[in-house]
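*Asks:* Next come the chains, spelled out residue by residue.
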Amino acid sequence: MESDTDQSIPLSNRPEWSDIVPLPQDDGPNPVVPIAYTDEFRETMSYFRAVYVADEKSPRSLWLTERTIRLNPGNYTVWHFRRLVLEALDADLLSELDFVGNIAKSNSKNYQIWHHRRWLAEKLGAAAMSKELEFTKKILSTDAKHYHAWSHRQWVLQALGGWEDELDYCHVLLTDDIFNNSAWNQRYFVVTRSPHLGGLKAMRDSEVDYSIKAILAYPENESPWRYLQGLFKDAAKSLISDPRISSMCLEVLLGKRFCVFALDMLLDLITYGFQPTPEFNDAVNALHTHESDSSLGETICSILESIDPLRANYWAWRKTKFPALAG
Amino acid sequence: MSSESESECESEPNPLIWADSEFDRERHVRFVGMMYEYLPCHYQTQEINTLTLAYFALSSLDILGAMNHINKDAVADWTLSFLAHAQNENEMTVGEFHGFHGSKSSQFPPNLDGVLFRNGSHLASTYCALAILKIIGYDLSLINLKAITKSMKILQQHDGSFMPTHIRAETDLRFVYCAAAISYMLDDWSGMDKETTKEYIRNCQSYDGGFGLHPGLESHGGGTYCAVASLRLMGFLEENILSKGTSSSVINVALLLDWLMKRQAEDGGFQGRSNKASDTCYGFWVGGVLKILGGSKFIHKEALQKYLLSCQSKAVTSSDSDHGGW
Chain A
1 MESDTDQSIP LSNRPEWSDI VPLPQDDGPN PVVPIAYTDE FRETMSYFRA VYVADEKSPR
61 SLWLTERTIR LNPGNYTVWH FRRLVLEALD ADLLSELDFV GNIAKSNSKN YQIWHHRRWL
121 AEKLGAAAMS KELEFTKKIL STDAKHYHAW SHRQWVLQAL GGWEDELDYC HVLLTDDIFN
181 NSAWNQRYFV VTRSPHLGGL KAMRDSEVDY SIKAILAYPE NESPWRYLQG LFKDAAKSLI
241 SDPRISSMCL EVLLGKRFCV FALDMLLDLI TYGFQPTPEF NDAVNALHTH ESDSSLGETI
301 CSILESIDPL RANYWAWRKT KFPALAG
Chain B
1 MSSESESECE SEPNPLIWAD SEFDRERHVR FVGMMYEYLP CHYQTQEINT LTLAYFALSS
61 LDILGAMNHI NKDAVADWTL SFLAHAQNEN EMTVGEFHGF HGSKSSQFPP NLDGVLFRNG
121 SHLASTYCAL AILKIIGYDL SLINLKAITK SMKILQQHDG SFMPTHIRAE TDLRFVYCAA
181 AISYMLDDWS GMDKETTKEY IRNCQSYDGG FGLHPGLESH GGGTYCAVAS LRLMGFLEEN
241 ILSKGTSSSV INVALLLDWL MKRQAEDGGF QGRSNKASDT CYGFWVGGVL KILGGSKFIH
301 KEALQKYLLS CQSKAVTSSD SDHGGW
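So the sequences go chain by chain: A and B.
187 is the number that my numbering gives to position 187 of the first sequence; each next residue is one higher, with no gaps.
319 is the number that my numbering gives to position 319 of the second sequence; each next residue is one higher, with no gaps.
These aren't lab readings, by the way, just hints derived from the structure by calculation.
Positions of the beta carbon are idealized from the N, C-alpha and C atoms, including for glycine.
Treat each hint with caution, since some may be false.
[Unchecked claim] Partial list, derived from the structure: chain A residues whose beta carbon lies under 8 Å from chain B:
{"hint": "1", "residue": "Val32"}
{"hint": "2", "residue": "Tyr76"}
{"hint": "3", "residue": "Leu167"}
{"hint": "4", "residue": "Tyr188"}
Chain A extracted, bound-state conformation (with noise of 0.2 Å):
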């Protein structure tokens, strides 16, 4: 098998392929978008086309379609071959996932690559487990929201398991950012679907703590608010009876902090039937000048449409729904 050095070296050169006819490809009369191939390019497409019109499945074929691969990762069909290829040679496929992640390094937002790095590890069963799990966490740790890399790692998880640890390492990736979004929804996914914790019920109360800790260190984060909320999914009753929740949201108002979010979890609860304590108002009146509206979701509404003036449209047009769009 020839090395990636002699790459250069075109495959018209090559005594081993000259009993192979090149297939150009026919892009026929009047062409939209024509590509201007470079000539390496389209002399290898040629032979690929060549090789799979023919429907040799050899050892030359393999290192074809590899070659191809390199300069036009994104061909489904040469990635199909390829795997019919592996599978007539009854290949190593423990090297294949080798190959694949060589591959990854430089096209790792690739859909084929990941399609084929599953199907690698659906043949090899729970032996690919602890390699992939691997993987994606080697991706991560250059691009800890690498969404191909979390989409593989869930399936892995789901297919093959490995669940144990995967808690702790989204507690890893939320400590060297709190704000990665990515790492949020992991946990959700952990929470809800690991078969060693119980499931959300049972997971709640602790993960209701986990969110309050984050919440407070930087309120200006989206993502644990709405991880909060979404451990109440369904179970609006227990979200306004938690009085944790509620604390937080005063806390937060009461620090002068950003508090777009408290408003809108406050906005929420309110919606939910939560019975705001006098010190609510206080500490919502105190955020404002303007005449109180009538009631004090409506007042919440006002003021951020003063102080999210972004999304002010919104802010009114929930005021005027007020209180009707209960989730």
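Add chain B to chain A, keeping to what the hints say.
*Replies:* Below, chain B without anything else, positioned relative to chain A:
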């Protein structure tokens, strides 16, 4: 027109820095026109999506009111040449999708028996092809549409999602949208089970109201558009639902709206995910969802416009006016 642009460019001290206050239609027409005629070699890694690139170019020209340069018959012939042709239902190969290929690189002539060979047609290419044909006003009834919708059924998975091609690929909301858009354009829903599709979409709504590309994934602007647009096309979401004051039994609209509104960032642009940078594309993905729901009135339009214009490139110069007189 081109001579005005020439003098403008000659007087520019630094052509790439420009505080735009206006949308420069002519420059966009010229840029898209150039791409329509010729794509430089660094696009070759996108060649499998040739039909999609053509769709972007043609729909842009259509929106810009610049279709006068287009030879619509030639475009129709070119687009139709990508069809994985089946003369009639009996000619359809079992287990294969008879849609459009995305590129000539992966399309092959029929074999010696005249049978379709190495059919790699794809849902996204099919969506783009039909959209192109509609833009140029082609009569779709001239195509064997039944072959498309009937064979599309094999691409739907048991969980309601869609695989884009029968030679197997990833499944997610993008291809649900393609399937719904195809069905809507052809006014034929026999190619998909709408109920299971609806369930798949529901399962993609995240705890924060947005939609991930697959159940469990982080809310994403593109995924959210695919979800909401599909529901609307399928008839599971009524028009302008926010103004009507009704709620949906399918998705949590209030939570979705709150998520959407939070996507407009301090720079005026839209972000695709919470705590990430803005990008022009989310002006469409997120803005589009708000439009579908009847909530575009909530967008801070001035801030968005300022952001979008700040992304307007000046890279197209007068010398490019040699390309086909655009």
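*Asks:* Evaluate each hint against the coordinates.
*Replies:* Here's how the hints hold up against the structure:
At a threshold of 8 Å, the smallest CB-CB gap from Val32(A) to chain B is about 4 Å, leaving the interface hint in force. For Tyr76(A), the shortest C-beta to C-beta distance to chain B is roughly 6 Å, which falls under 8 Å, so the interface hint holds. The interface hint given for Leu167(A) is violated, since its Cβ lies 15 Å from the closest Cβ of chain B, which is over the 8 Å cut-off. For Tyr188(A), the suggested interface contact is upheld, since its CB lies about 6 Å from the closest CB of chain B, less than 8 Å.
Against the hints set out earlier in the document, a violation occurs for number 3 only.
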